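S.K.: What follows is the residue order along each chain.
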Amino acid sequence: MRVEYINPFVEAAFNVLKEVLNSDVKRGELYLKSTTMPVLGVAALVGLAGDVEGRVLFDMSKATALAVASTMNGEDITTMDELAKATITELANMITAQAVTKLHDLGFKFDLTPPALFTGDNMEVSDHEVEALIVPMEIPQGKVEINVAIRERA
Amino acid sequence: MKTKEDFPSINAREPDGKKPDGSSYRILVVDDSMFVAKQIGQILTSEGYDIIGTAADGEQGVEKYKELHPNVDLVTMDITMPRMDGITALEHIMTFDKEAKVIMISALGKQDLVKKSLLLGAKNYIVKPLDRKKVLERIHQVLSK
Amino acid sequence: MTANGERMTESEVLEHRKERAEAVDYKMVTFSLAGKDYGVDIMNVKEIAKAGKFTFVPNAATFLRGVYNLRGEIIPVIDLRVFFHLPAEKKEEDALENTLILRIGEQVLGVIVDNIDKVVGITSSSIQPPHPIFGDINIKYIRGVVENQGRLYIILDAIRIFSPKEEEKHTITESPAVSFAAPEVITQAVSSPERQSAASSDLGFIKETLSAFRKFSATEFNDEWVSARFEEWKAQKKGKDLQLKDAEDADAYLAGFFSPFSGAFWSDEYANAVFAILPDLPSKNINVWNPGCGKGHETYSFACILRNRYPEAHLKIWANDADLLSISTAPNMVFDLEDVPEFCREYMVKGRNGYGFNQTIRDSVVFEYHDVLNANPYPELDIILARDLISFLTPGDQSRVFADFSDKLKRQGVLFLGRNEKPPLSDEWKPIGNELVSAYARAE
Numbered sequence: 001m002r003v004e005y006i007n008p009f010v011e012a013a014f015n016v017l018k019e020v021l022n023s024d025v026k027r028g029e030l031y032l033k034s035t036t037m038p039v040l041g042v043a044a045l046v047g048l049a050g051d052v053e054g055r056v057l058f059d060m061s062k063a064t065a066l067a068v069a070s071t072m073n074g075e076d077i078t079t080m081d082e083l084a085k086a087t088i089t090e091l092a093n094m095i096t097a098q099a100v101t102k103l104h105d106l107g108f109k110f111d112l113t114p115p116a117l118f119t120g121d122n123m124e125v126s127d128h129e130v131e132a133l134i135v136p137m138e139i140p141q142g143k144v145e146i147n148v149a150i151r152e153r154a
Numbered sequence: 155m156k157t158k159e160d161f162p163s164i165n166a167r168e169p170d171g172k173k174p175d176g177s178s179y180r181i182l183v184v185d186d187s188m189f190v191a192k193q194i195g196q197i198l199t200s201e202g203y204d205i206i207g208t209a210a211d212g213e214q215g216v217e218k219y220k221e222l223h224p225n226v227d228l229v230t231m232d233i234t235m236p237r238m239d240g241i242t243a244l245e246h247i248m249t250f251d252k253e254a255k256v257i258m259i260s261a262l263g264k265q266d267l268v269k270k271s272l273l274l275g276a277k278n279y280i281v282k283p284l285d286r287k288k289v290l291e292r293i294h295q296v297l298s299k
Numbered sequence: 300m301t302a303n304g305e306r307m308t309e310s311e312v313l314e315h316r317k318e319r320a321e322a323v324d325y326k327m328v329t330f331s332l333a334g335k336d337y338g339v340d341i342m343n344v345k346e347i348a349k350a351g352k353f354t355f356v357p358n359a360a361t362f363l364r365g366v367y368n369l370r371g372e373i374i375p376v377i378d379l380r381v382f383f384h385l386p387a388e389k390k391e392e393d394a395l396e397n398t399l400i401l402r403i404g405e406q407v408l409g410v411i412v413d414n415i416d417k418v419v420g421i422t423s424s425s426i427q428p429p430h431p432i433f434g435d436i437n438i439k440y441i442r443g444v445v446e447n448q449g450r451l452y453i454i455l456d457a458i459r460i461f462s463p464k465e466e467e468k469h470t471i472t473e474s475p476a477v478s479f480a481a482p483e484v485i486t487q488a489v490s491s492p493e494r495q496s497a498a499s500s501d502l503g504f505i506k507e508t509l510s511a512f513r514k515f516s517a518t519e520f521n522d523e524w525v526s527a528r529f530e531e532w533k534a535q536k537k538g539k540d541l542q543l544k545d546a547e548d549a550d551a552y553l554a555g556f557f558s559p560f561s562g563a564f565w566s567d568e569y570a571n572a573v574f575a576i577l578p579d580l581p582s583k584n585i586n587v588w589n590p591g592c593g594k595g596h597e598t599y600s601f602a603c604i605l606r607n608r609y610p611e612a613h614l615k616i617w618a619n620d621a622d623l624l625s626i627s628t629a630p631n632m633v634f635d636l637e638d639v640p641e642f643c644r645e646y647m648v649k650g651r652n653g654y655g656f657n658q659t660i661r662d663s664v665v666f667e668y669h670d671v672l673n674a675n676p677y678p679e680l681d682i683i684l685a686r687d688l689i690s691f692l693t694p695g696d697q698s699r700v701f702a703d704f705s706d707k708l709k710r711q712g713v714l715f716l717g718r719n720e721k722p723p724l725s726d727e728w729k730p731i732g733n734e735l736v737s738a739y740a741r742a743e
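Just so you know, the protein sequences line up as chains Z, R and G, in that order. Using this note's numbering, read the first sequence as starting at 1 and increasing by one per residue. Using this note's numbering, read the second sequence as starting at 155 and increasing by one per residue. Using this note's numbering, read the third sequence as starting at 300 and increasing by one per residue.
Honestly, the hints are just simulated from the structure, not real lab data. Any given hint could be a false lead.
[Said to hold, decoys possible] Here are the simulated DSBU-like cross-link-like pairs (lysine-lysine), alpha carbons at most 30 angstroms apart as the crow flies:
hint	chain 1	residue 1	chain 2	residue 2
1	G	Lys709	Z	Lys33
2	G	Lys349	Z	Lys143
3	G	Lys349	Z	Lys33
4	G	Lys594	Z	Lys109
[Said to hold, decoys possible] Have a look at the derived ranges for each label pair, beta carbon to beta carbon:
hint	chain 1	residue 1	chain 2	residue 2	range
5	G	Glu388	Z	Leu32	47 to 55 angstroms
6	R	Glu168	Z	Ala116	49 to 57 angstroms
7	Z	Asp24	G	Glu388	25 to 33 angstroms
8	R	Arg237	G	Arg741	51 to 59 angstroms
[To be verified] Covered, in the sense of this in silico footprint (three residues per stretch, anywhere, with C-beta under 8 angstroms from a C-beta of chain Z), are these stretches of chain R:
hint	stretch
9	182-189
10	232-246
11	257-267
Just so it is clear, the structure is predicted and the values come from calculations on it, not from any experiment. Glycine is no exception: its CB is placed at the ideal position from the N, C-alpha and C atoms.
With the rest of the complex left out, here is chain Z (with noise of 0.2 angstroms):
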């Protein structure tokens, strides 16, 4: 992935999680992944239009997803239900968005598509060979895949 998208990212996840869920947030070591297959349970995805294609994957357990549902919310939530996961796509919105605005200034002309949630029930990755930047971020409710798959448009 092309080094001036990557601290865009990493910032964005920091500064928006922590804002967010108004608690300490670390970020863990960057590597790169082969395949693009979410792992963690739920996926929120984000894609990525502009002077590249991609997608933003955010990955995480069901366990933390409704924990940070609650945290967001104010409220106790247990089931992924309408709300948990509109709320959960709102937060891979925001730092997305908050990613591309960065890149935007840098004078990388991206653009992002409505977000979309994955449960372990429905989903359906291809397994495309494509590498992607994984960044891991550590938060108290548990851990946040951020992946990120970007091709330069040809």
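Based on the hints, put chains R and G in the right spot on chain Z.
M.R.: Chains R and G only, in chain Z's frame:
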């Protein structure tokens, strides 16, 4: 023993959402996220505003505005939405009613979007994540003009 | 010191030296457990690691610390101290343990020890049979004991320790549950076939150490150099103490391997040599892939040369490295003008913090954080610049990556390798470089 409620609060003031005549300002919330709509709703209701309608995409937003007009005091408008995005919806509403008060609320903060919205007639632009204080201040600002 | 602990006389010293001059045909990685020194055949050692974050496996034997993710491969990890009922220092949850990664047949596993020391070469004839008095551990696990430079090493029989029957017997006394898939029982075949002559086994051992310490795989891509270097090394060391004992030794051996100006700007002379080798290319668009570019010095150098060589063409260079720290600094590098070679100077512009490359050069290079082992989206390439990259991949990966190079390079493309690297099949490739520059094109 006297409790807190027995003392008049020092900073007693009317909630922002109430007009001088006692009725509430009427707000239309346009956002495709149930979570955001709920969040904005909670912030505004707690301050006395009245949410008179919500719409989940730009097209619905424009329709609702035309239906409810002239009983809409302010519109909050998301940008990234399916079917019709917020900028296009803004354009339509401003064409329909040039006095319309629309505030953009979006996760995107790109300079060109901000400029475009303001040029088209939006009164302000708020970037998510939402800060309760900031939202209330800006809305109050726009409504007081 | 003799085995009795007395000081040696001169004749004893000479005697001792003569012993050591006898062929080293057994190399072991030494480590300590509860204060005693142990060794294990280096042929069984895949690598050395400091590892932490083992995933606990419930219902497993007590000596099974858990499983570990070794670059994508999940391997079981045994705490050897627990296995042998030895006292072990209790470390914190996340603390890193000294771990030997062993390969026994098909099975790869991790083994936690107190401290890993170094690689010791000995003559197998000097290994004494085990005597119960030497060990705290069951004698059946000991291959023998050997003395080296005043220290006594207990050589473990790794195959016996980790073979299925042994494990079951061991576990039954511990806990009822069975742990993980046990390794196959291996016979003599595990020993390297290169035990014939002392010289070839010496070189074999050196290659093993280079792989373990510096991830350098000696294969057809670089064997010419490795062998030539071995002769040099022997002469340098006057035939004694040939073995590489640690990372420092490995670095000393590899010192002459690297291409000129690694990690630095190319000199004007080198740049001219490269310029002279570059053929005419028919395409208007020249696509270049530069994997393993490090901090970007070679990329920038190459970009300037290409600009000069193909002034009309539209250049696109994809430069990548899997070292995030190095590649992150590449796009925005600034320099003092005097540190920049002549041939690059016309492409520099003065900025706030120093001189940087101008927009033309910067627009032609895309620096990416990318692992060459993963899929890449590049189109057909005119030039591949991969200096000293292939040699530091495992043999399997070397073939795979080189096949990818071959696939992606256009018919008339040029391949640049490290100074001491060359492609495997010589009928497919013909050298077009010289002493300094290792370059190849397809043979007609």
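S.K.: Each of the hints needs a verdict: does it hold here or not?
M.R.: How the hints compare with the structure:
no.: 1; hint: G/Lys709 - Z/Lys33; verdict: holds (28 angstroms)
no.: 2; hint: G/Lys349 - Z/Lys143; verdict: holds (24 angstroms)
no.: 3; hint: G/Lys349 - Z/Lys33; verdict: holds (22 angstroms)
no.: 4; hint: G/Lys594 - Z/Lys109; verdict: holds (26 angstroms)
no.: 5; hint: G/Glu388 - Z/Leu32: 47 to 55 angstroms; verdict: violated (35 angstroms)
no.: 6; hint: R/Glu168 - Z/Ala116: 49 to 57 angstroms; verdict: violated (43 angstroms)
no.: 7; hint: Z/Asp24 - G/Glu388: 25 to 33 angstroms; verdict: holds (31 angstroms)
no.: 8; hint: R/Arg237 - G/Arg741: 51 to 59 angstroms; verdict: holds (54 angstroms)
no.: 9; hint: 182-189; verdict: holds (count 4)
no.: 10; hint: 232-246; verdict: holds (count 3)
no.: 11; hint: 257-267; verdict: holds (count 7)
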